[in-house]
Structure formats: C-alpha cells, structure tokens
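Take a look at the letters that make up each chain.
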Amino acid sequence: MALQLISANHAAGMAATMAGNANRSARGFCAGLYPITPSTECMEYLCVQELLKGQVVRVESEHSAMGVCIGAAASGARTFTTTSSNGLAYMAENVYVAALMRLPVVMVAANRALGPPWNLWADHGDSLMLRDSGWVQLYCADNQEVFDSVLMAYRIAEDRRVLLPVMVCQEGFILSHSMVETEVSSQEEVDLYLPPLDLPHRLRDDARTMGGVDTPAVTEAHRAQHHEAMSQVFEVYREAQEEFEAKFGRRPPDLLVPYKMDDAEVVLISMGTISSTVDHIVDEARSRGVKVGSIRVRGYRPFPELQLKEMLGGIGRVGVLDRDISLGFGGVLWGEVRGVAAPGAISQGYILGVGGGDVRPKHIEAVLKDLLERDSAEAPIVMETNL
Amino acid sequence: MSVMSECPTRQILNPGNSNCGGCGATSGLSLLSRAMEERKIQIVIPACCSAVAAGLFPNSVYGVPALLTTFAATASGATGLSVVARLNGEDTRVVCWAGDGGTYDIGMATLSAAAERNEDILYICYDNEIYGNTGGQRSSATPHGATTTNTPPGGKVEVKKDIMEIMAAHRVPYAATVSIAHHEDAIRKMRYALDQRGFRFLHLLSPCPTGWKSEPSQGVELVRLAVRSGLFPLIEIFDGKRRVVNVEPDFSNDALAKYLHLQRRFRKSGIEPEALAPEIEEHWSALRAKVKCFEEV
Ligand SMILES: Cc1ncc(C[n+]2csc(CCOP(=O)(O)OP(=O)(O)O)c2C)c(N)n1
Ligand code: SF4
Ligand SMILES: [Mg+2]
Chain A
-18 MALQLISANH AAGMAATMAG NANRSARGFC AGLYPITPST ECMEYLCVQE
32 LLKGQVVRVE SEHSAMGVCI GAAASGARTF TTTSSNGLAY MAENVYVAAL
82 MRLPVVMVAA NRALGPPWNL WADHGDSLML RDSGWVQLYC ADNQEVFDSV
132 LMAYRIAEDR RVLLPVMVCQ EGFILSHSMV ETEVSSQEEV DLYLPPLDLP
182 HRLRDDARTM GGVDTPAVTE AHRAQHHEAM SQVFEVYREA QEEFEAKFGR
232 RPPDLLVPYK MDDAEVVLIS MGTISSTVDH IVDEARSRGV KVGSIRVRGY
282 RPFPELQLKE MLGGIGRVGV LDRDISLGFG GVLWGEVRGV AAPGAISQGY
332 ILGVGGGDVR PKHIEAVLKD LLERDSAEAP IVMETNL
Chain B
360 MSVMSECPTR QILNPGNSNC GGCGATSGLS LLSRAMEERK IQIVIPACCS
410 AVAAGLFPNS VYGVPALLTT FAATASGATG LSVVARLNGE DTRVVCWAGD
460 GGTYDIGMAT LSAAAERNED ILYICYDNEI YGNTGGQRSS ATPHGATTTN
510 TPPGGKVEVK KDIMEIMAAH RVPYAATVSI AHHEDAIRKM RYALDQRGFR
560 FLHLLSPCPT GWKSEPSQGV ELVRLAVRSG LFPLIEIFDG KRRVVNVEPD
610 FSNDALAKYL HLQRRFRKSG IEPEALAPEI EEHWSALRAK VKCFEEV
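Protein chains in written order, with the working numbering: chain A, -18 to 368; chain B, 360 to 656.
Bear in mind the hints are in silico, worked out from the structure with no lab data behind them. The reader is advised that the hints may include incorrect statements.
Said to hold, decoys possible - A few chain B residues that don't get close to chain A, going by computed Cβ distances all over 12 Å: (1) R393; (2) T438; (3) S441; (4) A444; (5) A473; (6) E478; (7) G494; (8) G557; (9) P608; (10) F610; (11) A614; (12) R647.
What the hints assert, rightly or not - What the simulated footprint calls covered on chain B by chain A, stretch by stretch (three residues with Cβ under 8 Å from a Cβ of chain A suffice, anywhere in the stretch; the number is not a length): (13) 378 to 387; (14) 406 to 416; (15) 422 to 433; (16) 599 to 606.
By construction, the Cβ of each residue, glycine as well, lies at the ideal position given by its N, Cα and C atoms.
Sequences and hints are given; from them, build the entire structure.
Here it is in structure tokens:
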C-alpha cells in the first residue's frame, strides 16, 4: 500500500490492471478499449501496462469495446472497459447484452453530458440512461472511492449469487482529471482480495449456446432471476466491504452514506461529488441551529429502497439534488426518492450542475433555504448555476 | 478417399432446425461440419436467420459452443473469445457465421477493425443478398435488378458491394469465395481457412428460396449457374495480393439467363443477361489484371 498523487482515471486504470493480473492463475484478463473525453486517460493507462496474463484490444468503437468484453467474459476471462457520454450511448445495446448474459464485466463510466451540441463536462445523465440495463451502478464521490470501487466491483460482479456486470461511475473532470493522494494497494493485496474467476456458465468445449431465443415465459423467468440477483447485491456488498477492510485496512462507504442524520428534520439527497458541498452546507446550517442532514446515494442499482425508507422515516422535508434531467419529468434520483419519503413529506426536486455546471456552496444554500420555506412540493426546479 | 465420403461425427447445425427448406445456410454449415473434423471450434452468430435457427432456450440446434451476439458485434465478440483462447494456450478456432446484412452493412466497421488488427478468427459471411430474418429487405449485397420488400418498384438500382476486394484491401492473410455447388473446393478452402492463423474471410453465396423466390430444390443449381456465368467468381486471395481463380466460368449467356429466370426476384425489373454481362466482364478484367499483377511480383 502506498499513497500516490493520481487522477481518478489513473486510479481506475491501476485497480483494473491489478484486478486483471489477479486472475492470472485462471483465464486471464481482457479489456476492449476506445478513447473518449473524459475517460481517455484510463484507457491509455491500461494500454501501456505489462499484463501478466491479459490483453487489451484497441477497438474501433465503444460498441466493439463492449463486444470484446462480452466475448472474453463468455470465455471466462476477467474483463474491463471505460467510457463516457456518447461512448456509453454508442455501446448501449451491448451494455444490455453483458447483463442479460450475466457476464461480470466491470466498466468505469466517467460521467459526461451527451451531445452534440458538445459538452465535455460532468453530468450523470449518461450512465442513468442505462439505469434499466441490468448493471449494478455505483456512484463515487472521490478518487479513493473510484480505486476501491473497481476492486469491489469485481468481488460483487463475480459472486455466484450475483453474476452481473458493475458500472463504477465518477464525474468527468471533477474526479477523472483531479489529482488527489490515493492509497494504492499492492498486487499482493489485490491477489488476496480477488479470487480467480470461475464463471459457471462460460463457454467450454461442450455444445452450449449463449444468447439463443427466449419465449415470453422464459424471458419472464430470466428477468425474475436477474432481479433476484440484483437483490442479492446488498448482502454481497456488505461482505465485500468487510473483506475489503480486512485485507486493505480501509472501509469503502456504504451504499447510502448518511451525514448528521441522527436528529435531522430536513434532508438533502444527492449523488457523486455534489454531496461534499452539501455536507459543508449541512455543517454551516447546523451551526445556525437548522436540523439538517444529508444522504449520498452511492449504490443506485440495486436501489437501496428499504434502507433509505428507514433513514427518511419521520423526516418532513426532503430535497433531492440531481446532476441529470429526465426531460419532461425532472431529476431521475428525485423520481425514485419521492416514492420512499415518509407519507406527507415535502419531496422537492432540484436540478443543478447538469453539463458540468459548477455547483457551489451558495447554490446548496439556496436549495436549503427554498426547502425550509416552502409549504408544499412543486415541479422540479431547474437551477442555472452560472447565474 | 473423397472428402465427401467422410461422414462428419459432429454437426454444427443439427437436424430439426427452423431454416426454410433449401436454405443455403444449412448447406454451408453442413460443409463446414465436414471441414471441421476433430478441430475444436466456437461459433459466433449475430442477429440473422442463423440466430433464430438456434431455437428456443434451453435447447439449441448448434452442436458446437455458440455465442449469439448483437447484429454488429460478430467480429468484436469473436475477438474476445479468440484473445482468451490464445491467452490460455487453446487452439480453439473461433468462427464467425454472419449474414450479408451483418457483414456488408451494420457490422462493417467491426469487421474492418478486426481484419485490420488481424485477429485470429475465421469470418464466414453467408450471403443470401437480403435481410432474410426481417422478412427480406435490401442489403448492400443485394444485386442490381433484384426486388426486395423495400426496393423501388423496378428493383434495386445500386450494384452489389465487392466484399472480396474490401477484404483484400485489409491485406488479410486469406480470403476466398465458397460455393455450395463445388464441395471439394469448398471443403479444401474451409479446412485451409480453419488452420491458418490471423484473420481469414470466406464469402459463401447462400441461396434463399424465400427471398429469391426460387424453388428450394434449385439452390445448388443456382450457385452452379452463378459460378458458370462468372457472376460469382470462385477465387482465393492471399495477403490481399496473390489471387487464384479456382474455377473458370464459361461466361455463357445461357447460364446467366437460367440464373435470372429461376428466381422471381428478378422478374419485376425484367433484368436480362445482356444488362448484367458488362458488369461481369468489367469485374473479371479487373480480377485478371490483379491475378497477373501479383503473379509477376
Ligand atoms: C441493431 C439492430 N438493428 C436491426 C435489427 C433487426 N435485424 C435482425 S436480423 C436483420 C437482418 C439480417 O440480415 P442478414 O445479416 O443478411 O442475415 P439473414 O437474416 O439474411 O440471414 C435485421 C435488420 C437488429 N437485430 N439489431
Ligand atoms: S429466409 Fe432465406 S436465409 Fe433465412 S432461413 Fe429461410 S431460406 Fe434461409
Ligand atoms: Mg442476408
């Protein structure tokens, strides 16, 4: 273990490389890779590594990047890719297939708005577009979390109770390009954390067809199993967290990260990096006597509904901050949270920071002020942070 | 012993599949089964008639390990399988079995990239000159003069894309055309292709009675006529350079006329041999020039 000054892209690349190398006694590692800002440096990092038993494939598109991962995973290898925004959209049909075939692919999405009109900056809308693709989705708030989440992702994805792909999301530039001191584990430690992958349904020499034709009845059964596998993630996640702490001496955060929630009467809910600004405002407001807390949603799929419901019990004012917008509806996170809030609670949606808008303390202050003053919830408020 | 007298112990496509009677893909896979012998193969199939033919989960008509991919992911999925086979020292041949739509159209970029990287895969395009699975729409492999469900009333105006020259331009180690009417030639090429390393490409003209509006029993005859008339040259291309013509056509008007008249897809356009002959002639003079050019090197 050593502290290194690295970007989240490099943190992701390092973790994926070590995870890949950790599978050298099994079927090895394969990554299909294609550049797009702001995930490029992660793919470049992997392309210059000396893999112990692995290969990167420098493909011609994100569609093929995921295609390569699907083929390699079907043959039992550990697999990885990384992309952003239009890249995610371009690979979308194969993103679904990786999940439908129950292949434990791991991907790091450096969140960015879609275009044209082109916008290179942070927006959760790209990975949320694939919310229903059957992947586990984790949203990170700092570089350490990106490094640790990639390692955890393999533990979760490859667990026999789960066997699902995992997407680790980190906001473009805010994390992807920010250099932060990060604890980088050693290969020996990673070897101990990630057992060799033995994919039960991989293609072997016998005549097995992966991806044939399903009747409606079979699809219903497959979706039910897939959904059930998702629900297993909660327990598998806890185990992966504990094992992580035992092996690496640090504990990755829970799927929901509460802050000063014990006596909170008002709560602000967010995902990713905005939550650190939120926590700062929570501290400030508390110093003025406002009983406010915050919750960061780190695990978005499966959605930790029961736990969230418990945390929101008795809370009358819930503000949900989305760095995304489902046009014609509102924030995607708000859409999910308002069904979980206590009956009668005011669940107000705020959209801010889309397309990389710089979310500052004053914006969160404005959100909190609005939430405290209102008598009822209304349509989601779309904020322009540049104003 | 003739290659045809050997009965394959393993069939890639088992009986009881849903292919239409007289489907060229059935004949093609039966030839490939004979060529395969004891070799280990994994087959990759995109969306196409042969994907549907797999049948209902958990059953499958495929007698070898098969990965069914999205429409444009044949060559990328195969790349993943092949990379992992090599990492593990396995000599499994990864074989793509894709239609013309998945090859000439939507899968072209993926195919081109895998060829450029010289991935260790054998890519076979069974070309029925139509989107069979979606009910018979045009592809860029549909020949000029053929009617499909979405061509203009007079049939397709554009000429068929030259896939072999596209592959040759990638300098792939081996590319060849395969005829289901020339078994010995077909099996020799399939075996050769199975045993080479790097990217290999086979183009198989695959009669489709449903889309061609022809008699199911006439498939082999139609391909024979396509070869005789020069419409479907039987060739091999090595490293994108050296070219070998395997069967000399007679370029007869008779063969071409029969080929057109046995298929009702050419009826609406009323295209006659005279209209196609110049295209064929031009194609062959370019081909002969290339044969000569690389002979002399
Ligand atoms: C991305 C995508 N677009 C469209 C389709 C619908 N589709 C399935 S098969 C097919 C045509 C296949 O044609 P071809 O590759 O020639 O194979 P064939 O059916 O003729 O055997 C189409 C358009 C699809 N499955 N995926
Ligand atoms: S539609 Fe044509 S290609 Fe498809 S199964 Fe029938 S005959 Fe074969
Ligand atoms: Mg076709």
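*Determine which of the earlier numbered hints do not hold for this structure and return their numbers in increasing order.*
2, 3, 4, 5, 6, 13, 16
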